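Undergrad: Residue numbers (my numbering), protein chains in the order written: chain B, 50 to 472; chain V, 50 to 472.
Since the hints were made in silico from the structure, they are not lab data. Keep in mind that a hint or two might mislead.
All copies of an identical chain are treated as equivalent in the list; a pair is satisfied when it fits inside any one copy or across any two copies.
Simulated pairs of lysine-lysine, DSS-like, Cα-Cα distance not exceeding 30 Å [what the hints assert, rightly or not]:
#	residue 1	residue 2
1	LYS65	LYS165
2	LYS259	LYS471
3	LYS65	LYS230
4	LYS259	LYS165
5	LYS317	LYS65
6	LYS165	LYS272
7	LYS317	LYS165
8	LYS165	LYS471
9	LYS272	LYS259
10	LYS259	LYS65
11	LYS272	LYS317
12	LYS272	LYS471
From a predicted model like this one, the values you see are computed outputs, not experimental measurements.
The residues making up each chain are set out below.
There are 2 protein chains.
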Amino acid sequence: MRIEILCTGDEILSGKTVNTNYGHIARRLAEFGLTVQWGTTVGDDRDSLLAAFGQAAARADAVIVNGGLGPTVDDLSQEVAAQAAGVELVLSGAWLARMEEYFRRRGRVMPPNNRKQAMLPAGAEMIDNPIGTACGFAVTLGRTRFFFTPGVPSEMRRMLDEQLIPRLLALSGMQGVFRLKRFHSFGIGEARADEMLNGIEALAPDGGVKLGFQAHFPQLETKLAVRGLDEADIARKLVPLEAETRRRLGSFIVAEDEGTLEGVILDKLRDRAGSLSTAEMFTGGSIAARVAPMADSGRLFRRGVVARDLAELRNAVGLDDDGAANGISPATAAAVARALRDRSGSSHALAVLIDLDEGADRLEFGGTICIGIASGNATVSRQARLLGGRNWVRLGAVELGLDCLRRHLLGLSVDERIDFEKR
Amino acid sequence: MRIEILCTGDEILSGKTVNTNYGHIARRLAEFGLTVQWGTTVGDDRDSLLAAFGQAAARADAVIVNGGLGPTVDDLSQEVAAQAAGVELVLSGAWLARMEEYFRRRGRVMPPNNRKQAMLPAGAEMIDNPIGTACGFAVTLGRTRFFFTPGVPSEMRRMLDEQLIPRLLALSGMQGVFRLKRFHSFGIGEARADEMLNGIEALAPDGGVKLGFQAHFPQLETKLAVRGLDEADIARKLVPLEAETRRRLGSFIVAEDEGTLEGVILDKLRDRAGSLSTAEMFTGGSIAARVAPMADSGRLFRRGVVARDLAELRNAVGLDDDGAANGISPATAAAVARALRDRSGSSHALAVLIDLDEGADRLEFGGTICIGIASGNATVSRQARLLGGRNWVRLGAVELGLDCLRRHLLGLSVDERIDFEKR
C-alpha cells in the first residue's frame, strides 16, 4: 500500500516551526510495517492545498494530512478537502457539542471562531480527538483515502495510534499481527549497540524480526519489530531475541517498552517503601523535574534542592561552608547527599554536582560531574567527565545521575564506563 | 518566483534521520526575502526521484534538491537528473582533480567509488563545495532551474550561502526585503488573540503585512510578516502595527522576537542587581528548570526548593508546620515565599503551590494554584483554578507562576484574568 504524508501550514513550510510531526508519523507507521513513500509540505494556501491533494490522490492509496484544523482563518484543511471532494461543509452537531462541553468544563464560553472546527466535508468520517478541539476526519478523493489530523503533536500522536493505524492496517489488508519490542539504554551509542547486537536477527526461527535503533540523546532506543501470524507466533519469534538482547546490552538497559528510567527508580523506591530527595547544580531542577511529576505522593519524592553555587547548595542542605576546602569532588557530592538525606528524612538522596569548564560555549566545552548517593546502608559516589557543549553536558549529567541511582537501587555497579565519557 | 525544496534519501523519508536541512534552507531563504512554496521528500528511488523532478518542474521556477550526491550506489541524484534532462553523465576532470587533491591533503588515496561523485549531467553548471567531495551542480528541466546540494548539513549550508542564494536572488530579480516580527503572549488562546487583533492588517499603509499565530502551549506566538522595498519601507509599515499589537494584547505579551518569559524575568533581576529563589510543589522542579539554566551565575538564581508535600516544603524553607492550620492558600504561598526569601537571601522569591483534585487523571482534572511572591518591598499572592488534565495543569501552573513574577517585576497587575482559568 502506498502511503503519503502531507504536512500543511506556513510555519512548517517556512521552517519557522521544526516539523517533528512528519518524522514521528513515518517512524510510527514503520513500526507497524507500513511504509511512507512520499512526503509533501505546503503552506496555508488554497491553491497549493488543492494541488497537493490532487497530486497525492494520483499517487497514493492513503494520505495522512497534518495541520490546518485550527479555529483561525488561516486553517483551511476542511474547506479545501470539501472543495476537492466536490461537497459542501456541514456542521457536525456532535463535535460542536463536544467543543462546547470542552470549554464549559474549563469555565469558559466557546469563542465563536471555534465553531469553524465543527464544519466537516459532507459525508466525511469523523475521527475522534479526545484531548483537543480539532476534529479529525477522513474523506476519499478518487481512489485514495485521506486522513486529516491536528497539527498539535500530542493530539496528532494520540489520534495516530488510536484511530489511524488500525484503519491503515485494515486498508492495507496486511495479514498477521505486529509487535514492537523496545529497550531503552543509557551509556552506549548506536554504533556500539549495533556491534553488541550483531547478527541477533538470525536467532529468530524463520526470521520475521527487524532490528532498529532510534537515538533520543542521551538515551538510545533499540527496537525489535516482529511480524507474525498471531500472538503465539510473535511470542515464539520474540522470546529468544528478547532474552539475548537483555544478555548483550546488560546493565545499560534502563527500561523496556513504555517504561522509563525515572519510572524504574520510583518503582524500586515504592517497592521498599522508600523515598527520594535530590540536590543539583548546573542541571538546575531538571533532575527533580524528571522524577517529582511521576511521584504519586509527597512520601515518594520528598525534597529537591537546586542551586547554581556550591556554597548555596551546601547551605541549603545544612552543611557549613568551610570555603576552599570544599571544591566539587566525589567526596563533596557524597557529603551533600548524606546531609540532604538526614535533613529531609528520605531513604535515598541523590546529589549531582558539576565543575564546569571556563569560557564560552563550544563543541569541546565540558564539565566534570560528581555524583553522590546516600541510602540507609551506603554512600556511593562517582565521577565522570563529559564534553560536547553546555546543553549536551547538562543532558548527560541528568541522565548519568539518574542512571547511577537506578544502578544503586538494583545493586549494579555505578561506575561502568559509558561511551560519552572522556578519561 | 516560485521556489521549492526537494529532500531525498530513505533516512529522511522514513523519519530515521530528522530532516534539519529543510528548515535551515527555508529559514535562510526567507531572510533574503525568498519564499519557499512547496516541499517534497522522497527516498533513494529512481521512479520517485524522476516523478518528483517532473512535478516540481511543472510547478516551480527554481528547485533546491538536497541529498543523493554521495559515493554509494544508493545516491542517485546525478544519474536521475541526467535522465530527466535527457543527457549523458560525463566525468568532470576538474572535480575529479579536486577530490584527488582533497584526499591527498588528508594523506589518503581516493577510493575508486568516489569517482562517481565527479560524474555530472552533460552541460550541468558545476557548483563548488569547498569542504566536501560531493559536487553541487545546476541543470534546467523544462523552464525550471534545479540546484543539487549535498545532504551533509555543513556542506549544504556553506553552498547555500555562498553559491545558491546569490544565484536565486539573481534569478528572482527581486526587489525588497522581508521581516518577521514576533510577540509571545501568555493567558490568551489563539481564537481570542485572533479576535483581539481583528482587522489589524488593514492598518499597514498599502498592505504588505500578514498576521499569523503559532500556539506553543501555554504560550501563544503572534507574528507579523512584512515585505517592503527596503528597511525604511518595512519600518513604515511595521511601526504602526507593532504599536497597535502591543496596545491590544497589552500585559499578556511576555516577550518579543528572540525574547523569552524567563529571559525577561532574569533581565529585570539583573538590572536591579537582584536574585531569585523558587519553591514549588506539583510543578516538581519545572519552574527552576526554566530559570536556573539561563541564569548566568549563582548570584542570579540562588536557590530552588521542590517538594510534593506542603509540610515538607514548609520545613525546607524553615517554617514550622502547625498542621491543619496551614492548608494551601494564597496566604500560605505568600508565607512560603517570604520565608524562602529570608532564608536564601535572594531579593525575590516565588512560591507556586497546588491543591490538586482527587482521583485519576482526566480531561476535567484540575487544581487550585496559589502563587506567592516576596520581594523587598512587597508580598503579593494570587489564586487560580486550572482544568485540563494533570500535565495541562502542570504546564499552566509553571507559566502562570513565572508570568506573575514577570508582572510583579514590571509593576503590572498579577491577577488579570486568563483564558485558561476557571472561577
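Undergrad: Decide, hint by hint, whether the structure agrees.
TA: Quick rundown of the hints versus the structure:
| no. | hint | verdict |
| --- | --- | --- |
| 1 | LYS65 with LYS165 | within (25 Å within a copy, 36 Å between copies) |
| 2 | LYS259 with LYS471 | neither (33 Å within a copy, 50 Å between copies) |
| 3 | LYS65 with LYS230 | between (34 Å within a copy, 12 Å between copies) |
| 4 | LYS259 with LYS165 | between (44 Å within a copy, 21 Å between copies) |
| 5 | LYS317 with LYS65 | between (42 Å within a copy, 28 Å between copies) |
| 6 | LYS165 with LYS272 | between (41 Å within a copy, 22 Å between copies) |
| 7 | LYS317 with LYS165 | neither (49 Å within a copy, 41 Å between copies) |
| 8 | LYS165 with LYS471 | between (56 Å within a copy, 24 Å between copies) |
| 9 | LYS272 with LYS259 | within (8 Å within a copy, 45 Å between copies) |
| 10 | LYS259 with LYS65 | between (35 Å within a copy, 14 Å between copies) |
| 11 | LYS272 with LYS317 | within (25 Å within a copy, 47 Å between copies) |
| 12 | LYS272 with LYS471 | within (28 Å within a copy, 43 Å between copies) |
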